[in-house]
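Participant: Chains as they are written, first to last, in our numbering: chain A, 1 to 289; chain B, 1 to 289; chain C, 1 to 289; chain D, 1 to 289.
Derived by calculation from the structure, the hints in this document are not laboratory data. Wrong hints could be hidden among the right ones.
For chains that are exact copies, the list does not tell them apart, and a pair is met inside one copy or across any two.
Said to hold, decoys possible - With a Cα cut of at most 25 Å, we get these calculated PhoX-like pairs of lysine-lysine:
hint: 1; residue 1: K247; residue 2: K95
hint: 2; residue 1: K176; residue 2: K196
hint: 3; residue 1: K266; residue 2: K176
hint: 4; residue 1: K228; residue 2: K43
hint: 5; residue 1: K70; residue 2: K111
hint: 6; residue 1: K219; residue 2: K196
hint: 7; residue 1: K70; residue 2: K247
hint: 8; residue 1: K183; residue 2: K247
hint: 9; residue 1: K247; residue 2: K266
hint: 10; residue 1: K183; residue 2: K228
hint: 11; residue 1: K111; residue 2: K219
Every value quoted in this text rests on a predicted model; they were computed, and no experiment measured them.
Chain by chain, the residues:
There are 4 protein chains.
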Amino acid sequence: MNSGYGAFAIIGGDKRQLFCARSLSDDGYAVTLGGFDSIAEMKNIELTTPFEAALMSDTIILPLPCLNSKGQIPDPFSKDNISLTDDLITAMKGKRIFCGMQTRLSEYCPKLTGRVFDYYEREEFAVYNAQATAEGALEVAMQTFEGTIHGSECLVCGYGRIGKVLTSMLRSLGAKVTVSARKPSDLAWIELAGAKAVRTDELYKLGEFNIIFNTVPAKIFTPILLAKIAMNAVVIDLASGEGGVDKYAAERMGITHIHALSLPGKAAPKTAGEIIKNTIYHILEEDDR
Amino acid sequence: MNSGYGAFAIIGGDKRQLFCARSLSDDGYAVTLGGFDSIAEMKNIELTTPFEAALMSDTIILPLPCLNSKGQIPDPFSKDNISLTDDLITAMKGKRIFCGMQTRLSEYCPKLTGRVFDYYEREEFAVYNAQATAEGALEVAMQTFEGTIHGSECLVCGYGRIGKVLTSMLRSLGAKVTVSARKPSDLAWIELAGAKAVRTDELYKLGEFNIIFNTVPAKIFTPILLAKIAMNAVVIDLASGEGGVDKYAAERMGITHIHALSLPGKAAPKTAGEIIKNTIYHILEEDDR
Amino acid sequence: MNSGYGAFAIIGGDKRQLFCARSLSDDGYAVTLGGFDSIAEMKNIELTTPFEAALMSDTIILPLPCLNSKGQIPDPFSKDNISLTDDLITAMKGKRIFCGMQTRLSEYCPKLTGRVFDYYEREEFAVYNAQATAEGALEVAMQTFEGTIHGSECLVCGYGRIGKVLTSMLRSLGAKVTVSARKPSDLAWIELAGAKAVRTDELYKLGEFNIIFNTVPAKIFTPILLAKIAMNAVVIDLASGEGGVDKYAAERMGITHIHALSLPGKAAPKTAGEIIKNTIYHILEEDDR
Amino acid sequence: MNSGYGAFAIIGGDKRQLFCARSLSDDGYAVTLGGFDSIAEMKNIELTTPFEAALMSDTIILPLPCLNSKGQIPDPFSKDNISLTDDLITAMKGKRIFCGMQTRLSEYCPKLTGRVFDYYEREEFAVYNAQATAEGALEVAMQTFEGTIHGSECLVCGYGRIGKVLTSMLRSLGAKVTVSARKPSDLAWIELAGAKAVRTDELYKLGEFNIIFNTVPAKIFTPILLAKIAMNAVVIDLASGEGGVDKYAAERMGITHIHALSLPGKAAPKTAGEIIKNTIYHILEEDDR
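Excised from the complex, chain A in its bound form (with noise of 0.2 Å):
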């Protein structure tokens, strides 16, 4: 049993965090899942409620985001979601919290101070979280899009995290990749990485594509946008809230338009369960030092 940093617990959350608790457990970790009532067993894993496994703990993991607009863990699997008693925040005090999204615990529970990470606001968590984005992307564009990836028109629009491991994924697949940004390093860096380079204010000035990535969370894509580049392209918006893409608009014209988000856990939530783990790894060392 490796007893590093202790018993862990996870109280709710999705396939991620039974990811998490699987890979934690094969480290040797001692593991408590609390909350995860149609689960029936897990090999070397405790199932038990979300009270008992805070108490059984040293560190407890809750999930991304840790409480939803009402205050409460989400739990998916159990028919309820978990509510922050009294009971169970007592069994959490003073022990190692790790959560996505700190501020709505710090709102809904200001109770709970002390040692609580965000393992969500780790650069790392965001960049690992990138690859895993992108390669969602990459797979619902082979889904979608009826020819191969090799050989097709893409655009990337933004050239942030994900928007770097998407035009590095699609020109090594042989894709043909423009990529669009504002700032003249970042179009210096698009054109090293092999793909040609656009500023983002002259898009319109391009021909048509077969598939358009968006990352940026602004409303790019406009109706005359959309005429101009991307009336037989499949649109795959990977931009968080409301998207970069006039989604009626799209809707009109006939444009194949898919609004992807939280890529990591539908995609794949073993990786993005080992993400978390191995930020939180990182979180442990550096408070240890």
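We have chain A; now place chains B, C and D onto it with these hints.
Facilitator: Okay, now just chains B, C and D, sitting in the frame of chain A:
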């Protein structure tokens, strides 16, 4: 209107033939579709009966395979498949005929001699098709495996055309790739491709994989080998005929197992149709030289 | 004749400036070279004195650095460097002046104000220059190391611009690459790039390397670290100033050690000159907008 | 001490044989060098005469080629080459002998029959050697061309082993690569490798290149073709024998032209020696099976 090679008729076939027609028409050729009853209209392309399509054309394109086991032209876009009536044969005579698997045509229709060409037999067709097959296999893997390809342990069994393309794709997406082959020179190429090379008869010495791709049409994946390396793997069998995996054993052992055949037509009919068109162009060029 | 940005004068500088002139002239611009006495002729380009070149042009390009430590324009293609005489300054006044390291110009020639631009300060210049530097470093490694890059054990110390490009190059040539950095997010990017990531303060835990590239301008390679990982390595130090390697120790220990500075100008003056030209174009475009 | 294959003698040869000896010794084998008079000492390796080395060993390794045109073993590390005296032949008899270009041995020394193996004839040797050759060619290109490989226009003539590896290297460094071949299936593979494919007999239709690599041992580069595509190019001829470039024409036309032969031994003797060793291991494994 491009009249380089005259007018084309496409008689029978699935989505690939539709995309082949689309692409020929976009190149400026007159194209007539024969036997696609369930399609109402297609821009710039005439829809009619197989007999009339044959009459109106200089060059006739039959699907892959050109005839099913009953000697009919497969026609999924119609209620019935197309019979090779004497009228149809007469209308086809003396014209250039392109088909896949010409031996079936020779068997059922020995009268149809002369300028008959088999695009499926061309080696460049096989190369491009291997690319589309490998991408289709990657898509299946992405859909089935719960982690990302990046970081996954992959095995590619066989280093022929498909194995080569698949290895390169998986490597460039960041998988850890092992490839099995028999010839020392293939093992050398595998290492140069950045993968781990292993002799096929030593596969049983390896550990567990996440994703296994088989391309070898021989029963390599016996229960013993499956138990050794595939217990937690997704197994994707690309070998034709009976495949290379003991399906019953795989099922009994609870191993996720997919026999994925005819991937280009299923996963990328647009590209598959364009491959047919380009191969026909090559043959026409050589025939004219 | 391209008159978009008027006539150019290139005053002083090494081969990079000649290739910059060549490339401007090939784009259709009138180009005059000032101070390249040892060159007899150059197709479509006029050769004259710095003063006349300045007089004849709308835009003046000075080298990188624009002035040496004595306040003169470096002029390796002439017997003497070029002095900033009052005549020359008068001829330059009011024109667009492009230079590298503008602060030196401000120091020695405070009168020359107005439309002076520093191409060396632009981030896209730094990005492209990093590419040329990394390729130059690869060339040095190939010349010095007695094996192939393929299969060699390489260490890249630092993951800034040069480190990023170098890592990608080495990986794609089949080297086994370890990269050191400090930030967890950099370590994540390094892993995504297919290299082994290691914290800079844990370099001493590693084994021996064949080739070591240093990009960090701090004395990381102490005798102790050299003894641990570099005894049989070629060490290529790309860090500016004093570099990151204890040279005296490396020499005493018999370690092959090269402090490779100003690689773009030495290894690829043609590309280095074109980078200067393209950066100037970017600045001119923005200035006009 | 590794005694798997007994004691090795390395008789004659250049730096490659020294690195082969080094690598055998590092694997734990007893190694004796015969005929390397100018070398004073080598860690863990005995230096002696060819006769004594042969006597002391179970397995004898001769260089590539094993005999020069006078029937002597090439011995650049000695004043004279090594003659196959009767004594030496007697000492070698009955032992396993590895050599490059066995036909020369059969010609000059027909008595030496039995367990003689030619590592140079093995296909995996040719594959690994192609890798080392391609890297050597890249090194020559980097030294000679005044720009970066990235962004340069490269032509690779021929798509055999060396052409394949070179194409992949150049592409991954960001060059724009055109490759010529004759077979339609090779043209298909070239396109899949991300390069532009052109039929060898249509090379004259192309524009100018920066760097041209020839791998075809036929006089393809006539004055007419050189005038069309090579006036500003660096031409690196890798074809054996007379090469594929009209040297006199290239010289007259002022085209930079390098006939680069035996690159593995020159550019990467360490790797070349290890390739010899690994091929010998493969032969020994098969011989034992």
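Participant: Against this structure, judge whether each hint is valid.
Facilitator: Outcome of the hint check:
no.	hint	result
1	K247 <-> K95	neither (45 Å within a copy, 49 Å between copies)
2	K176 <-> K196	both (8 Å within a copy, 13 Å between copies)
3	K266 <-> K176	between (27 Å within a copy, 23 Å between copies)
4	K228 <-> K43	between (55 Å within a copy, 20 Å between copies)
5	K70 <-> K111	within (17 Å within a copy, 67 Å between copies)
6	K219 <-> K196	within (22 Å within a copy, 37 Å between copies)
7	K70 <-> K247	neither (28 Å within a copy, 48 Å between copies)
8	K183 <-> K247	neither (27 Å within a copy, 39 Å between copies)
9	K247 <-> K266	within (22 Å within a copy, 28 Å between copies)
10	K183 <-> K228	within (23 Å within a copy, 40 Å between copies)
11	K111 <-> K219	neither (40 Å within a copy, 47 Å between copies)
Going through the hint list in order, the structure does not satisfy hints 1, 7, 8, 11.
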